[in-house]
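Visitor: Spelled out from the first residue to the last, the chains are:
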Amino acid sequence: MTCIVNVKNLTKSYKNQSVLEGLNWEVEQGDVVGLLGKNGAGKSTLLKSLLNISDIDSGVISIFGEQYNQLSSSSKARIGYVPQENDEISWLSVKDLISFRKQFYSTWSDEKVTELVSRWEIDLTKKIAELSPGQVQRVLIILALAPMPELLIFDEPAASLDPAGRRDFLKEILTLVSDENITVIFSTHITSDLERIANKVAILDDGKICYFDDLDVIKESVVQLTVHCKKEQNITIPHLLRGKLHSQGQFAVVSQLDQAWLTEMKEQDVEVTINPMGLEDIFLELTA
Amino acid sequence: MEQFIISPSSGIPIYKQLYSQIERMVLNGYFSIDQRLPSVRQVASDLDINPMTVSKAYGLLEERGYLTRLRGKGMVVTARDNEVLQLEKLAMLDEMIKELLAQAKHMGISGDKVAQMIKHNITDELNETVGKE
Chain A
0 MTCIVNVKNL TKSYKNQSVL EGLNWEVEQG DVVGLLGKNG AGKSTLLKSL
50 LNISDIDSGV ISIFGEQYNQ LSSSSKARIG YVPQENDEIS WLSVKDLISF
100 RKQFYSTWSD EKVTELVSRW EIDLTKKIAE LSPGQVQRVL IILALAPMPE
150 LLIFDEPAAS LDPAGRRDFL KEILTLVSDE NITVIFSTHI TSDLERIANK
200 VAILDDGKIC YFDDLDVIKE SVVQLTVHCK KEQNITIPHL LRGKLHSQGQ
250 FAVVSQLDQA WLTEMKEQDV EVTINPMGLE DIFLELTA
Chain B
0 MEQFIISPSS GIPIYKQLYS QIERMVLNGY FSIDQRLPSV RQVASDLDIN
50 PMTVSKAYGL LEERGYLTRL RGKGMVVTAR DNEVLQLEKL AMLDEMIKEL
100 LAQAKHMGIS GDKVAQMIKH NITDELNETV GKE
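From first to last, the protein sequence lines are chains A and B. Mapped onto numbering that gives the first Met the number 0, the consecutive letters of the first sequence carry residue numbers 0 to 287. Mapped onto numbering that gives the first Met the number 0, the consecutive letters of the second sequence carry residue numbers 0 to 132.
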């Protein structure tokens, strides 16, 4: 697999507040990665660091195998980015903004722009400042998709979209990723969006990527257990995140379901019930 | 067009949800032998999920012999003799019975009691059919 994004030992602090502390991360080609983290965990900082929009204190970042701050212009054109906040020139009309941005790209697709503008009913004559937040976000998405990028970075892309708008945005991303060479990284608080489109989940906590794996693997590893023993018995549950003892057993949440332990419990006639959890609960448990 | 139902926020991975639905649909004859399944792209776009997830479910169904990949045709339901099919149906029921017995055990109800309850249900069903006639 080709490594598209490779981050080693990234640190970043604002004033005395350290945000990223020796973060390591590798994203491979074709992955659709959902990035989760609490408010202030540093998701935007991380994404902006990859794009060299935000300065870093130390560490090594490479994108498409090139050093992140020395990307060739052709490599830059292969990246699409939708920021969390609109930093586009607000006095330009949508039409003028699109033509302005178009001149920087040789791979720009007018077809894509026309298709999305009509589908999302964007009024080209309006000034950016006159658009609703949802419409601004759609324009930013169009600007990011028009150059047909190979690496897409979205910082909470769906935050100001209504459910129908979000679903439509997800559909667009899914159409894109049916081309297996396209890599997507998006930060979000909406776990149900992530569960639909991502194949991998990264959790940013305490300045590091504390969990990074296939969504399916996470769902089968991080589970709730109810342990019930017939006789009085002390049971140690491996990879315990949280547990509560009661008269005849325990309620527990584990970060890794241990198959060998399960077999052992069965042999000792201890009943273990496994209850899977949705991603939102998993995230809360892992970052508690 | 065949529509599958998924719940993305469930703790059960989506590919597993798809897998067990299609497995059931093949075993209960909803999908007949040689019937073509909707394409990966079609299912992904209908359900708004990642195509990789659908491929994973289809791949697993192929591995377990439920589906066969035909060049240019996509996935079709594998033709298998009744004996094999019967074994698979029984295996599926066996899983369900195990689950039922485990649940009963949790409630402190014996396997014998469950067996007795099943027998009762069969008698009731018989009586109902006789009554209708």
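Please keep in mind that the hints were generated in silico from the structure rather than gathered at the bench. Computed from a prediction, not measured in an experiment: that's the story for all the values here. C-beta atoms are modelled at their ideal positions from N, C-alpha and C, and glycine is treated no differently. A couple of the hints might just be wrong.
Unchecked claim - Below, a list of computed lysine-lysine pairs in the DSS-like style, where the Cα atoms sit at most 30 Å apart:
{"#": "1", "chain 1": "B", "residue 1": "K97", "chain 2": "A", "residue 2": "K37"}
{"#": "2", "chain 1": "A", "residue 1": "K230", "chain 2": "A", "residue 2": "K37"}
{"#": "3", "chain 1": "A", "residue 1": "K265", "chain 2": "B", "residue 2": "K72"}
What the hints assert, rightly or not - From the derived model, a few chain A residues whose C-beta atoms are all more than 10 Å from chain B:
{"#": "4", "residue": "V31"}
{"#": "5", "residue": "S71"}
{"#": "6", "residue": "Y80"}
{"#": "7", "residue": "S89"}
{"#": "8", "residue": "S105"}
{"#": "9", "residue": "S177"}
{"#": "10", "residue": "T190"}
{"#": "11", "residue": "H227"}
{"#": "12", "residue": "I236"}
{"#": "13", "residue": "D257"}
{"#": "14", "residue": "E270"}
{"#": "15", "residue": "T272"}
{"#": "16", "residue": "L278"}
Visitor: Need the list of violated hint numbers for this structure, in ascending order.
Guide: 1, 2, 3, 4, 9, 10, 11, 14, 15 and 16
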